[in-house]
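Going down the list, the protein sequences come from chains A and B.
Residues 311 to 423 (this note's numbering) are what the first sequence spells out, left to right.
Residues 218 to 460 (this note's numbering) are what the second sequence spells out, left to right.
No wet-lab data here; the hints were simulated from the structure.
Please note: incorrect hints may appear among the correct ones.
Said to hold, decoys possible - Each computed DSS-like pair below joins lysine-lysine, with the alpha-carbon atoms no more than 30 angstroms apart: (1) A/Lys418 / A/Lys369; (2) B/Lys255 / A/Lys418; (3) A/Lys418 / B/Lys247; (4) A/Lys369 / B/Lys247.
Unchecked claim - Calculated Cβ distances over 12 angstroms to all of chain A for the following chain B residues: (5) Ile252; (6) Gly282; (7) Leu296; (8) Thr300; (9) Ser319; (10) Asn329; (11) His335; (12) Glu337; (13) Pro367; (14) Leu411; (15) Val418; (16) Gly442.
A virtual CB, placed ideally from N, CA and C, is assigned to each residue, including glycine.
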Amino acid sequence: MHELSLCESVLQVLEQQAQIENYQTVTAVYLEIGALSGVDPEAMRFCFDSVVQGSLAEKARLEIIEIAGQAWCSACNANVLVEQRYESCPNCGSYPLQINDGDQMRIKQLEVA
Amino acid sequence: MCGVCGCGDQHQHSPKHSHILGLSPTRMVKIEQDILAKNNHYAAENRRYFTERQMLVLNLVSSPGSGKTTLLTETIERLKADTEIAVIEGDQQTSRDAERISATGVPALQINTGKGCHLEAQRIGLALDSLQPKAQSVLFIENVGNLVCPSGFDLGEAHKVVILSVTEGEDKPIKYPDMFHAANLMLLNKIDLLPYLDFDVEQCLAYAKQVNPNIEIIQLSAKSGQGLEEWQTWIKNQQALQA
């Protein structure tokens, strides 16, 4: 959706953490992106490369860990996998389902030097 | 994993990737932070500001051309006699919308997002400094016309209100589920045009409920005035909850 400003937010965190964690360069950034987060991993990669130009993460590799969408179906009394927010249960067809994973966009960890 | 340096890559140790003795090796740093953490922090500050002043803040979101600004000017005309109102307008360019709002006599401030496709909480915080909304007022934030990006950015509002006009497709709620999921109220606008269109109202409402079972829905027309009283009552009820 708004991958450019998300990448700018990521870069701000890298710059902030540089002082706290005492590093000069970032060599890899690990993001967790859920399938229901509205973030397109390909667009994220594209924006990341342009946003980090001239920064401490200029040469950083972007590792995106994609998390599948998961929801609780109270009819089945079980977690089921979903690809969209509004989907009905793939097993029994009922909805609404309670989304409980796959809506995150998180910076998980960094590889730094 | 690379057996030489343990850096997680599959690679050869060519001169490009040499580990010269004395250079600091790479290490991992745990972050575990939401990418939107900074925005959420500013949004929480805004929310505290609004709560202290008992303000009702509504974040109006829609696609471009849904009639947001016309609906807003009509709403202001009906509310302004007994309610303090302020407006923050978000658009990529121009101050045309803020000028339309200012013509109603209420304070309005335009934020141009430039290349940005949505408003962010920090910009709202800065706008509050110059707008100085009154205690117990209603603040309308008219977001950038876009059904995608504004859904993820909390501004500190009490509610997102999504406006959908009947000149758009009835399947918008399932095409843009994030926005309809994030909103507490949907205003179905321009219903005076229904006789001329093939828009299936029942199907549209069913789609909205499918994405968000708790969403409230008001059908109205800013032009004919139909439904505006119900919308006005909704605002009054929400305002009473802030006191």
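Going down the list of hints, with the structure as the test:
{"no.": "1", "hint": "A/Lys418 / A/Lys369", "result": "18 angstroms, holds"}
{"no.": "2", "hint": "B/Lys255 / A/Lys418", "result": "16 angstroms, holds"}
{"no.": "3", "hint": "A/Lys418 / B/Lys247", "result": "6 angstroms, holds"}
{"no.": "4", "hint": "A/Lys369 / B/Lys247", "result": "19 angstroms, holds"}
{"no.": "5", "hint": "Ile252", "result": "5 angstroms, violated"}
{"no.": "6", "hint": "Gly282", "result": "20 angstroms, holds"}
{"no.": "7", "hint": "Leu296", "result": "32 angstroms, holds"}
{"no.": "8", "hint": "Thr300", "result": "33 angstroms, holds"}
{"no.": "9", "hint": "Ser319", "result": "28 angstroms, holds"}
{"no.": "10", "hint": "Asn329", "result": "15 angstroms, holds"}
{"no.": "11", "hint": "His335", "result": "6 angstroms, violated"}
{"no.": "12", "hint": "Glu337", "result": "7 angstroms, violated"}
{"no.": "13", "hint": "Pro367", "result": "9 angstroms, violated"}
{"no.": "14", "hint": "Leu411", "result": "24 angstroms, holds"}
{"no.": "15", "hint": "Val418", "result": "19 angstroms, holds"}
{"no.": "16", "hint": "Gly442", "result": "33 angstroms, holds"}
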